[in-house]
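Asks: Protein chains in written order, with the numbering used here: chain B, 74 to 388; chain U, 74 to 388.
Think of the hints as simulated: they come from the structure by calculation, not from any bench. In this text the structure is predicted, and so the values were computed from the model without any measurement. Glycine included, every Cβ here is placed at the ideal spot set by N, Cα and C. Any given hint could turn out to be false.
What the hints assert, rightly or not - Here are some, though not all, of the chain U residues that point toward chain B, as calculated from beta-carbon distances under 8 Å:
1) 233
2) 234
3) 265
4) 345
5) 359
6) 362
What the hints assert, rightly or not - Calculated cross-link-like contacts (lysine-lysine; reagent style DSBU-like; alpha-carbon spacing at most 35 Å):
7) U:195 to U:365
8) U:194 to U:365
9) B:365 to B:194
10) B:365 to B:195
11) B:194 to U:195
12) U:195 to B:365
13) U:365 to B:195
14) B:365 to U:194
Claimed, not checked - Facing chain U, according to a computed beta carbon distance under 7 Å, are these residues of chain B, among others:
15) 136
16) 286
17) 366
Residues per chain are reported as follows:
Number of protein chains: 2
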Amino acid sequence: MASRASSEIRTLAGTALAVLAAGALTAAAAPAAPRAPAPKPLTTAEVLAASSPSDWRPLDPQYTLYLELPPGRVIIEMAPVFAPNHVANVTALAREGYFDGLAFMRSQENYVVQFGDAAGKKPLARAQRTLPAEFERPLRGLTLTRITDPDTYAPLVGFLDGFPVAADPQLGRAWLVHCYGMLGAGRDNDVDSGGGTELYVVIGQAPRHLDRNVTLLGRVVRGMELLSVLPRGHGALGFYEGSESGMPIRSMRLAADLPEAERTALEELRTDTATFAAYVEARRNRHEEWFKVPAGRIDVCNIPVPVRPVAGKSR
Amino acid sequence: MASRASSEIRTLAGTALAVLAAGALTAAAAPAAPRAPAPKPLTTAEVLAASSPSDWRPLDPQYTLYLELPPGRVIIEMAPVFAPNHVANVTALAREGYFDGLAFMRSQENYVVQFGDAAGKKPLARAQRTLPAEFERPLRGLTLTRITDPDTYAPLVGFLDGFPVAADPQLGRAWLVHCYGMLGAGRDNDVDSGGGTELYVVIGQAPRHLDRNVTLLGRVVRGMELLSVLPRGHGALGFYEGSESGMPIRSMRLAADLPEAERTALEELRTDTATFAAYVEARRNRHEEWFKVPAGRIDVCNIPVPVRPVAGKSR
């Protein structure tokens, strides 16, 4: 938790002290609510330490995928509110064992990694190879937690159920945002040529020009550090070529299809809570001693939604 | 060149066609200037293919560093306009061989890698261990190529000599921006506690909250793919701990101190040219066939300044 919330560029010598200090603050903040006349602004670590259990929700196993790789498990939360058909199709692909034994075929610097069936010919049972695009949806019916700082790309940005969202109220449309860790379905030039048999994950500066051009259907909530370090491919667009081979996929499974003992019990900070609002504010204006000039602003892609093991169930 | 300019999320099957098409366009654009009644908007690849030699400038060997690592050479362009004292000090450190035999001590997911003297005790000859901060400078005297789309963090953003820059005209101050690949000098809580003996490079979503909080002094123009894949450290803030060891540094040298035959001859698109403006416009509104909804906006950190080998001198 602390490592996700901490952001200083400090030298190693300074780190031990900082970590100790953060621990001390956390311990102090937990037992008693602040009652000083002018309360000191909280750091992100303090906000999270002071959260209540109801600020968190467990990941829904019906919408959680486990991508099993040789170095470990990558955990993906899917977004049925935005891409219901792609979510259903990728779930069907997982149930068919479609991804098992396939591999990563692309790793493009400061951009994306991509995995699935490079040849596009692996047989399917119930799942579809292509689907109509789900680039955006009606804004109506969605209650976003707004981020009020100006966004370069969209009139309105915010969060819904842990996902970064953009919207255009005039058009009445909303869409998921290409932040770090987002999962999408590759396609060819035809907008309806994707479906989830090739999936990509953002590993660099948010490629916002892709918003509304390709279907996003989830986000990686654990294991990004396994994907972001894949050696870059030397072919066009970072595809592996010649003797290069990408990391193999052991399997991809829906969490609900595994016995509970084999699941990873995680919970996510609810993005519709006062605690999340305080967390965002603490990221807008950093109050850790290291910082000298708080930014006073925050980009929607600079707000990683905290995820942690469920107490007593971590594995 | 093509791989930096290309941005589609396409399936592998579609890639060969796209690369062929891009080649055809490039070949067609080079010999003759367009003279159609309503000229088709250019793609980034077409803009670069149509550039003239005077749109490019060679990297200045006096301000170019070669960080030699086991898998290859990382090339850094320094920014004396923004951090003259840090640039001079890191140059002195390179000349003393300070970095030779040191290592990376930090790799933090979606954030930074850091290298130098973890213990902070390696002896110095002429170089300094700490320097006064160079977080920002007067805006006066700088002629920025403005990026006119709204920026979340600063009233004004643009480019100067290839570097991403932000400014506040009311304050009359300007500063370098923490985009992907930027190089900075780590520090402890004291603002004047850095100096370049520990250097970091941004490997994730632009951490703009660091702007004006730490001294940036350059950017990586080649070799980011060697740094971004360093295994993440398991200690606090991504520092390596226990049995983890970071990639060793063979040497860091000023290009000017090497015989010309050992230098890498690179040139960079001048950011004060009409060609750069056309390149930015082509990134604001992608016209490759794959794209369906041009963004119409661009973030300053989504504009990698093109760098290429000098014709006839590539190595």
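Asks: So which of those numbered hints doesn't the model satisfy?
Replies: Per hint list: 1, 2, 3, 4, 7, 8, 9, 10, 11 and 15 violated.
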